[in-house]
Amino acid sequence: MGPSGSGKSTLMHCLAGLDSLTSGSAFLGDVDLSTLNERQLTILRREEVGFVFQAFNLIPTLSARENIELPLDLGDVDPDAPWVDRIIDAVGLRDRLDHKPAELSGGQQQRVAVARALASKPKIIFADEPTGNLDSKSSSDVLGFMRRAVSELGQTIVLVTHDPNAASYADRVIFLADGKVVDEISEPTAERVLDRMKRLA
Amino acid sequence: MTSPVVRLTVRGVLARKFRVLLTAFAIVLGVAFVSGAFMLTESVKDAINGLFDELQGDVDLEVRTRIAFGDEARAQRDPVPGSLVAAIAAVEGVRTVEVNILRQATIIKKNGKPLQTSGPSFGLAWYGTDGLDGRLVLEGREARGAGEVAIDKKSAERAGYALGETVPIVGPNGSGDFTLVGLTGTKTTEGGGGASVSAFDPATADAFLGTKGQVDSILVGLVDGASRGDVQDAVAAALGADTTDSPYEVITGDQSAKETAGAINDIIDIFGKVLLGFAAISLFVSAFLIFNTFAIIVSQRLRELALLRAIGADVSQIRMMILGESGIIGLLATALGIAGGVLVSKGITALFNATGAAFPSASTVISARTIAVSLLVGVGVTLFAAFVPAARAGRIPPVAAMRPEVGFSSLQRNKRLVFATSALVVGIVLLVVGLFTQPGGTVGILLAGAVGAVMIFLGVASLSQSVAAPVSRIVSNILPFPGRSMNKKTPGRIASRNAQRQPRRTASTASALMIGLALVSTIAVVAASVQATLRKALGTSITADFYATNSGFQGLPVAFADKLAQLPELGAVSPFRAANAQVAGESKSIGAVDPAMGELVDTDIQSGSFDSIADGAVLLHKDPAGDLGVAVGDIIDMTWQNGKITALTVGAIYADSSIVGNWLVSLDTLDAASSAPPLDFFIGAKIADGVDADAARSAVERVATEFPSAEVQDRVEFQKSQEDQLNQLLFIVYSLLVFAIAIAVLGIANTMALSVFERTREFGLLRAVGMTRRQLRRSVRWEAIIVSVFGASLGVVVGVPLGMAVATALPETFVDTLQIPFGTIVIILLASIVVGIIAAIGPARRAAKLDILHAITTV
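So the sequences go chain by chain: A and B.
Heads up: take any position in the first sequence, counting from 1, add 64, and you land on the working numbering.
Heads up: take any position in the second sequence, counting from 1, add 154, and you land on the working numbering.
Only chain A is shown next, with the shape it has when bound in the complex:
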């Protein structure tokens, strides 16, 4: 959580192995990301990290199911069928699996993106403003689904946002400002987050 330019996305990119560090180190589990080469980083992203971006999350030429299974396919790993089934049911898109992204609503697209992130059972999912482009109804659908992924499926999710309402779905909120961690609250509500934000700004 933090205002524009506070370094949220940069931190996320570093943690996810998308950006390289000029100093310091980033660990994913026991793995020091700075020691990995390009190929190892790619495999790490494929197997240990899930991504949900603000927009343009899906490959337009692939169906919803193919998008969900994409990281597994790329790694030549057979999908864990019961697991993928469970995710698909949880997203509630079983009847739209053969549709192309262009035939899905924005909210549905983001849910497919979350499902894809979950499919490979990654250690961690990074979601960068996943609801930034959605209306409030779709937003709460997507956030609700992510929340359930954490509580019911035991998935770790790092959500980057500047929307206090989105932040309220989290267990823990860390505040950034000008590239530094400045505060932290647990079991947040939208009001408390908004309060802190006002003070930071």
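A hint or two may mislead.
Stated by the list, open to error - Each computed DSS-like pair below joins lysine-lysine, with the alpha-carbon atoms no more than 25 Å apart:
| id | chain 1 | residue 1 | chain 2 | residue 2 |
| --- | --- | --- | --- | --- |
| 1 | B | Lys412 | B | Lys427 |
| 2 | B | Lys717 | A | Lys164 |
| 3 | B | Lys642 | A | Lys185 |
| 4 | B | Lys874 | B | Lys840 |
| 5 | B | Lys412 | A | Lys164 |
| 6 | A | Lys185 | B | Lys798 |
| 7 | A | Lys164 | A | Lys185 |
| 8 | B | Lys1003 | B | Lys171 |
| 9 | B | Lys341 | B | Lys199 |
| 10 | B | Lys642 | B | Lys717 |
| 11 | B | Lys717 | B | Lys366 |
| 12 | A | Lys201 | A | Lys164 |
Claimed, not checked - Ranges of calculated distance between the beta carbons of each label pair, as one might list FRET restraints:
| id | chain 1 | residue 1 | chain 2 | residue 2 | range |
| --- | --- | --- | --- | --- | --- |
| 13 | B | Arg570 | A | Asp149 | 36 to 46 Å |
| 14 | A | Glu167 | B | Lys1003 | 43 to 53 Å |
| 15 | B | Arg161 | A | Trp147 | 32 to 42 Å |
| 16 | A | Asn101 | B | Thr1011 | 20 to 30 Å |
| 17 | B | Leu168 | A | Leu258 | 44 to 54 Å |
Quick caveat, the hints were computed from the structure, so don't treat them as lab data.
Beta carbons are placed, not taken as given, at the ideal position from N, Cα and C, and that holds for glycine.
On the provided structure of chain A, position chain B as indicated by the hints.
Only chain B this time, still in chain A's reference frame:
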């Protein structure tokens, strides 16, 4: 730079330098071909005309025999009696009279092999530097007696001889040894303009070259101040040549030079036209590439263009901007193309010189015409190709600035199908009419064929949009192996989907490759059919055991056949000579043979007998017999080139003209009609009964050593050498088509690069969720392969029927069995996979190099 349209146009070009360069390159190649063809032909013609001017020297008049029809320079002319010299010399105003003897004489190199030249190998009578012609002694002196020769400096060097050495030379009656006493040239050259020139003194020339007082023409030089017209009339009067009944005519030296140079210019023009034909193919393919590039660029700049519309640019300004960009590219490319043309011209000259041909050393001529045509073609093609994308750009609604999905409407599908189908149908009709009814001779056939082919290509290119997606799917299902297709893996699957994504783009990219490969398959079908026919003809039509041919196109000395006929080891021997004659007002090539030819060739006699030829009959093929409505026993009037008319009885009608052509008479019949110096095209011989093949062969070889320019082959060797010749021709044609294919490869690379650029976000996402660089490269590569295999399949589908049509239209002599070269087709398809891989190298590397962070944050 005040107008915003101009400013935006220029900025637009500058912003996409790399793209511009790539697009321009296709046009550069095409223009280089066009301007190179012009430069080459003009330079060579310039040099040839200059050379002939020089060689003409002080020859004011020339006396020669008349011809009844045909081309003056290439006619088979009867000789002039040398005895006329005295009568001519007596005419007032005449200073000198020389005999002109110009016959074939091959120089044998130090290593015993005949000296190969691009032009003819001449032996001639020469009066030295002070003589009438413009030839000069460069070193040594002119030949002054039996056993002496002067050779043009370049040929002497190439053959490896220095002054004082002995040079074997083969003339029409056999070979002789001569001491090299002089090296000749002209004021500006040291060579013979592609020919080799062995100059003897007139008496030696007459003896060695076998003219026996019958010279080719007589050259006259006038005294200073004499009127050429008056003397011309006086000479004509002295010879009785002032009426057209006279066998002689008196022409000016200028006219003679012009005729000779003109004949060579014609050949160079044909050469130039062939180059232009390939230039046209390259430009046609380039047009596809430019069309495609601009179409993609316009769609990628949709928002920018819509924004311009939103802030007030009108439709025509947008269109001008796009057309202006293409105009700038066209101009740049044309400038580079003309520079490239110099290289093409010099390159081809160097290539010919390296093979010993030696064009006369020419400075490259860049005429205003060359530049004008290049500009017209280069800028014209570019503007034309960009026209549709520009029109489409104008249709972008301003609202697309905010909502890109609004996009632009394209030509309605139905309209396109109608347009494409009609283009295809018109093309096929034109082609079929052109090939089979043959209106307006060769020009008509070529024109109808070319326009028809272009229409077919355009039609198929446009129709192929409708099948691009399904065909891409099929291709991706069977590559690399059916059952283990690329679709099984994600990179392949993504490639397949991307190829199906914009059928229009896939189709027009593939179409560029289609053109080149369609032409290759057309030629492959025709070549295979010709080859099959040739093989059949050689297998069944020829019954001789040996053939002698000249490796050049100059014919064999007639003495060779005489000597072979004297060998006891051989049975039937016959040369094949050709002469021109008119039958029913049309010029025909008449073969003259010994009656023994009947044993050497199976002409498949339909009626009459071959032996009747010995009694002075004419034998002809059933086609001309049918056209003329003649049967055995009828009389045909034949007008020979010297004007003599002989009435010949039809002795036989035959069906197989593959070896001897349509008309045959005996050597005696020809000799009685024409005294033009004969040359044999080939000689056939049969081993005498009871003589074994090796003994016969060594006997023939022994005689052949006296005629090193002759190549003696048995049936298998002959067959192979004929096929080799065909293959050489094919090789040249294919090499020229490689340019069109290279442009198509460039087109695929260009489209792929643009697509990669367009899919930056997508590739960024793929990389983020775990696609390795190698997988991404593979994906781009597979897509390029799908596109090129699609293009190649279209090419084969269009080219094979085209080839079958052309092969069917060809006369039976060339093609009587239709053959489809399945091996070649498989090779074309496999090669297209390689084409895809090559085209994808750049774009794949570029895709793999994408910075993920940058890619996913690109809007």
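Going down the list of hints, with the structure as the test:
Restraint check for B:Lys412 and B:Lys427: the C-alpha separation of about 21 Å stays at or below 25 Å, so the hint holds. Only pairs whose Cα atoms come within 25 Å are accepted, and B:Lys717 paired with A:Lys164 is rejected, the gap being roughly 85 Å. Restraint check for B:Lys642 and A:Lys185: satisfied, since their Cα atoms lie roughly 23 Å apart, inside the 25 Å limit. Between B:Lys874 and B:Lys840 the alpha-carbon distance is near 19 Å, which keeps this suggested pair within the 25 Å criterion.
Restraint check for B:Lys412 and A:Lys164: the C-alpha separation of about 75 Å exceeds 25 Å, so the hint is violated. Our distance criterion of 25 Å between C-alpha atoms is broken by A:Lys185 and B:Lys798, whose separation comes to about 101 Å. Of the supplied pair hints, the one linking A:Lys164 and A:Lys185 holds, its CA atoms being roughly 24 Å apart against a limit of 25 Å. Only pairs whose Cα atoms come within 25 Å are accepted, and B:Lys1003 paired with B:Lys171 is accepted, the gap being roughly 20 Å.
About 18 Å separates the Cα atoms of B:Lys341 and B:Lys199, which keeps this hinted pair within 25 Å; it holds. For the hint linking B:Lys642 to B:Lys717, the alpha-carbon distance of about 74 Å lies beyond 25 Å, and the restraint is violated. The straight-line distance between the Cα atoms of B:Lys717 and B:Lys366 is roughly 20 Å, inside the 25 Å bound, and the hint therefore holds. With a C-alpha separation of about 22 Å, the suggested pairing of A:Lys201 with A:Lys164 holds against the 25 Å cut-off.
With their beta carbons about 45 Å apart, B:Arg570 and A:Asp149 fall inside the hinted range of 36 to 46 Å. A beta carbon spacing of about 33 Å between A:Glu167 and B:Lys1003 contradicts the range 43 to 53 Å that was offered as a hint. Between B:Arg161 and A:Trp147 the C-beta distance comes to about 59 Å, which lies outside the given range of 32 to 42 Å. Checked against the hint of 20 to 30 Å, the pair A:Asn101 and B:Thr1011 passes, with Cβ atoms roughly 23 Å apart.
The hinted range of 44 to 54 Å is satisfied by B:Leu168 and A:Leu258, whose Cβ atoms lie roughly 49 Å apart.
Of the hints listed earlier, those the structure fails to meet are numbers 2, 5, 6, 10, 14, 15, in rising order.
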